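2 protein chains.
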Amino acid sequence: MKKISFFALLVCLISCQNKDADNYVDAIYQNGTIYTVDNEFSTATAMAVRDGKIIAVGSQDDIDALNLKADTIIDLAGQFVYPGLIDAHCHFYRFGQQLQQVDLVGTTSYQEVLDKVEAFQEKNNTAYIIGRGWDQNDWDIKEYPTKAELSELFPDTPVALTRIDGHAMIVNDAALKLAGIDRNTPFSGGDIEQKDGELTGILVDNPMELIEKTFPVDSRKADVEALMDAQEINFSYGLTTVDDAGLNRNTIELIDSLQQAGALKMKVYAMVSNTPENLDYYLDKGIIKTDRLNVRSIKFYADGALGSRGAAMKEEYSDRENHFGALLSSVEDFKKTAERIAATDYQMNTHAIGDSANVVVLKTYRELLNDMPDRRWRVEHAQIISPADFEYFDRDRILPSVQPTHATSDMYWAEDRVGAERIKGAYAYQKLLDQSGMVALGTDYPVEQVNPFLTFYAAVARQDTSVYPENGFNMQDALSREDALRGMTIWAAYSNFEEKEKGSLEKGKSADFMILKEDLMKMPIQNVPTLKVQATYINGEKVY
Amino acid sequence: MKKISFFALLVCLISCQNKDADNYVDAIYQNGTIYTVDNEFSTATAMAVRDGKIIAVGSQDDIDALNLKADTIIDLAGQFVYPGLIDAHCHFYRFGQQLQQVDLVGTTSYQEVLDKVEAFQEKNNTAYIIGRGWDQNDWDIKEYPTKAELSELFPDTPVALTRIDGHAMIVNDAALKLAGIDRNTPFSGGDIEQKDGELTGILVDNPMELIEKTFPVDSRKADVEALMDAQEINFSYGLTTVDDAGLNRNTIELIDSLQQAGALKMKVYAMVSNTPENLDYYLDKGIIKTDRLNVRSIKFYADGALGSRGAAMKEEYSDRENHFGALLSSVEDFKKTAERIAATDYQMNTHAIGDSANVVVLKTYRELLNDMPDRRWRVEHAQIISPADFEYFDRDRILPSVQPTHATSDMYWAEDRVGAERIKGAYAYQKLLDQSGMVALGTDYPVEQVNPFLTFYAAVARQDTSVYPENGFNMQDALSREDALRGMTIWAAYSNFEEKEKGSLEKGKSADFMILKEDLMKMPIQNVPTLKVQATYINGEKVY
Chain V
1 MKKISFFALL
11 VCLISCQNKD
21 ADNYVDAIYQ
31 NGTIYTVDNE
41 FSTATAMAVR
51 DGKIIAVGSQ
61 DDIDALNLKA
71 DTIIDLAGQF
81 VYPGLIDAHC
91 HFYRFGQQLQ
101 QVDLVGTTSY
111 QEVLDKVEAF
121 QEKNNTAYII
131 GRGWDQNDWD
141 IKEYPTKAEL
151 SELFPDTPVA
161 LTRIDGHAMI
171 VNDAALKLAG
181 IDRNTPFSGG
191 DIEQKDGELT
201 GILVDNPMEL
211 IEKTFPVDSR
221 KADVEALMDA
231 QEINFSYGLT
241 TVDDAGLNRN
251 TIELIDSLQQ
261 AGALKMKVYA
271 MVSNTPENLD
281 YYLDKGIIKT
291 DRLNVRSIKF
301 YADGALGSRG
311 AAMKEEYSDR
321 ENHFGALLSS
331 VEDFKKTAER
341 IAATDYQMNT
351 HAIGDSANVV
361 VLKTYRELLN
371 DMPDRRWRVE
381 HAQIISPADF
391 EYFDRDRILP
401 SVQPTHATSD
411 MYWAEDRVGA
421 ERIKGAYAYQ
431 KLLDQSGMVA
441 LGTDYPVEQV
451 NPFLTFYAAV
461 ARQDTSVYPE
471 NGFNMQDALS
481 REDALRGMTI
491 WAAYSNFEEK
501 EKGSLEKGKS
511 ADFMILKEDL
521 MKMPIQNVPT
531 LKVQATYING
541 EKVY
Chain U
1 MKKISFFALL
11 VCLISCQNKD
21 ADNYVDAIYQ
31 NGTIYTVDNE
41 FSTATAMAVR
51 DGKIIAVGSQ
61 DDIDALNLKA
71 DTIIDLAGQF
81 VYPGLIDAHC
91 HFYRFGQQLQ
101 QVDLVGTTSY
111 QEVLDKVEAF
121 QEKNNTAYII
131 GRGWDQNDWD
141 IKEYPTKAEL
151 SELFPDTPVA
161 LTRIDGHAMI
171 VNDAALKLAG
181 IDRNTPFSGG
191 DIEQKDGELT
201 GILVDNPMEL
211 IEKTFPVDSR
221 KADVEALMDA
231 QEINFSYGLT
241 TVDDAGLNRN
251 TIELIDSLQQ
261 AGALKMKVYA
271 MVSNTPENLD
281 YYLDKGIIKT
291 DRLNVRSIKF
301 YADGALGSRG
311 AAMKEEYSDR
321 ENHFGALLSS
331 VEDFKKTAER
341 IAATDYQMNT
351 HAIGDSANVV
361 VLKTYRELLN
371 DMPDRRWRVE
381 HAQIISPADF
391 EYFDRDRILP
401 SVQPTHATSD
411 MYWAEDRVGA
421 ERIKGAYAYQ
431 KLLDQSGMVA
441 LGTDYPVEQV
451 NPFLTFYAAV
461 ARQDTSVYPE
471 NGFNMQDALS
481 REDALRGMTI
491 WAAYSNFEEK
501 EKGSLEKGKS
511 ADFMILKEDL
521 MKMPIQNVPT
531 LKVQATYING
541 EKVY
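Protein chains in written order, with UniProt numbering: chain V, 1 to 544; chain U, 1 to 544.
Note that these hints are calculated values from the structure, not bench results.
Remember, it's a predicted structure, so these values are computed and weren't measured experimentally.
There could be a bad hint or two in this list.
What the hints assert, rightly or not - Derived PhoX-like pairs (lysine-lysine); straight-line CA-CA distance at most 20 Å:
1) U:K314 with U:K424
2) U:K522 with U:K542
3) V:K285 with V:K314
4) V:K265 with U:K265
5) V:K522 with V:K532
6) U:K213 with V:K285
7) V:K363 with V:K336
8) V:K265 with V:K522
9) V:K213 with U:K221
10) V:K363 with V:K53
11) V:K53 with V:K336
12) V:K507 with V:K517
13) U:K314 with V:K285
14) V:K522 with V:K542
15) U:K221 with V:K289
16) V:K221 with U:K177
17) V:K335 with V:K363
18) U:K123 with U:K213
19) U:K336 with V:K289
20) V:K221 with V:K285
21) U:K53 with U:K542
22) V:K532 with V:K542
23) U:K53 with U:K265
24) V:K221 with U:K363
25) V:K424 with V:K314
26) V:K123 with V:K213
27) U:K289 with V:K213
28) U:K221 with U:K285
29) U:K424 with V:K221
30) V:K265 with U:K53
31) V:K53 with V:K265
32) U:K500 with U:K53
33) U:K213 with U:K177
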């Protein structure tokens, strides 16, 4: 696809000594349909890029008229170009970490656990197999497993598989041997389980530390690989910015380091996890902004999740009497933290699922921000909102950040939890958009899949990939294709205070874009989930 | 130089589907003189490399007999190959940091300071110019400068230049403006100097913080660039491992991260700085060893330097009555730290210059290590040793780590400090070698230059680059060329506990090597300081 035009070559022979000249560019992309996602949602045919920035975008005539001298001319051959996608709410680093471990969530038998571990090791061949997520309550035999099968499958490689709640693990003989654990190993608190005078391989709570201490050497290898692996998968889906919803200082500094070294090319809007050390450090330091990193927000959890009935509801759950869920901190603590953040330039991005959590967050936000212009504090998920509470959202102060695939994942049981009335204010993306004039879209991966085309599809069709329900789930809150794309680009950028540098393909902005063979605005919606990205660019550099 | 042999190509067509085959290699280097620096100091003609390791080294016949299938055959065209050089004592990170600042040490006038700042900025064009090292006592006019000239030269770019002792700085108007400092700025402790009711631009002690707070955003950019820039310069001199003599945890973790990401290819033996936090963390964690990082030693300072008469001497300085220098910690504190380290697998690497500091260190080491095999605790510098104290050194427990360019830098005044007798035990590299059976060589850069050929030259010729003194300085302690090369390769590796993986070009070791056009063992010694490295390889990868 890459070709050097004779003209460019000729010009280069004459003028490449003077690359600083105003009309020199690195590349011209032409002969495509470029969805600029500017205010008018206009399309263009060609685009010129210099030093990672868009120099011009318009018709072929527009670009030709500029008389640019390009190093490379790229023929888009009729393909479609879109701004690089932004996932406004995901867990980029955690996703990468989980790529290195066996994911045992949802396994329905111990045999399935063993099969998954075996398949993982065939692919990864790690020196120490670490997994997590099994729950014997999901199995036919609802008892802790024993180590016999695990030791037989892996006589030499240590294996440690943590239960879904992190309070128990099953290990094999090799792991016990490495940790020097036998029947006489002393411990206090928890258990090293024995049956008939033999270790079963089950450890509960404190003794788990003896095993964890023998995990491979604490180099930064695993952390670096997590980020690099996550990046690769994200690029394959056209993502060029990720909003990581909760990071600690050491990870943020690692991301910054790898970006500065040119190894990590992904752009990251890092929400800082709400810990005392993080707040002390970052609120004092102020906003950190580089070409690829933006640290200017604190992530707070107001309540739990709807599926596990942890979301804080105003009225009892429809499927459990007298159960309301709960806030994860006192209203007072939440307000104190909010006040502290409001005194700085930071945003507060609060996870709020239930209608009670949402109204506490919304009221607190409004009280604090009412007189402040342009604070853009975010409500992450904004999942169930009482009809009267939508009005709290406004473009300058309080923004909704939502995940359309949550709607299509939860739709099977969400109405059971909240009933026919409250469901009308749940996953209500169009109402949020009507109120706010924008809505930022994300996935919450690894809770959902990385694939942003699932987000687009869920937002527009309100169906899952089994094309259920036939006519879509609560279609009054479906978004138009145009708005869905805005939500994944310019509005997500806006929610990051980055709309002046990315989110649309306009002169002066970063050359972050993806190329598809298909027209996302017109193709059959059922084909969107399986879309394949042809190429992804960040700052004009091809990264996929 | 790179060519694909017809044989290799043919073989590749047949068998490249099976690169795991035992006789497949990545590269064969042939038709050169390879100084293996093995026990016999033997030379070879050809070498085969697979997966970053040396598979075979020997005569062309030896290699041919193995019937290897190579991706690439590299014709050395008669050049000379040596093991990659190791600097056994340097400050890699600090050197990189200093590349980003204007170095004003040794300036002899304020005009020279201004000239250096101007030249630096022309080259670097930084947003905030930071410099350090001026000392008005070295100038004709021994008074603090004022900001007028600095503000005129840089009306818009802030400039802050710290005095050599770090207790004063001169800044320009742009820096004052950015920090919001005017005549009425309050402060406690130190001074914001005024003359005739105007700020002079001089700040002393506490108010300097107001300026430092406005230094550019605290991204990891500067730290990453420091390491990457330092690496580039080191590679150009054939260095493939550096022993950084004093690093904190955050820098060690940054180095690890960049190495894991493939950005930093330099191998680093990181001596951990002796701080309470570092000791708590690393002694508990134990040795950290990856393919490119080795954390297994604590750096301790026993005394100061000879030039400033800070080195701790048994008898008074020859050029200052009743002055003995001083230990930097009590003997008790030193012993306590040594005992704590001795209880772990870590080495203790102690800076000791004066004969008193050295004997305290040597006695303490011997008492603690006498019954322990293979501890290799290091005396860094081992600069002035009483005749009776050489016997403390021994290959298994106590190693000398010395810097030959210190001898040729200090020779102009060292005898003034210590007199005609004590100088015989100073910079006494051959005596140390006789005693220890090895000696590790380094530079202490940026105190000296990075160039390791200056080390080789100083060790062998005992002259500086002005070929002074005519017959060499204390030639009884000159090293042979062979021993000098061993000191920069295999013995340095030994002092790091790395002799099994690097330091010589032998089967099974890392393919870390450098290529010269010259024969270091035979060329005129006066031409050594200006040697140019042709190529540097780490783990078989060409890095220069």
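For a quick check of understanding: which of the numbered hints are violated here, in increasing order? Checked against the structure, the hints that fail are numbers 2, 3, 8, 9, 10, 11, 12, 13, 14, 16, 18, 19, 20, 24, 26, 28, 29, 30, while the rest are satisfied.
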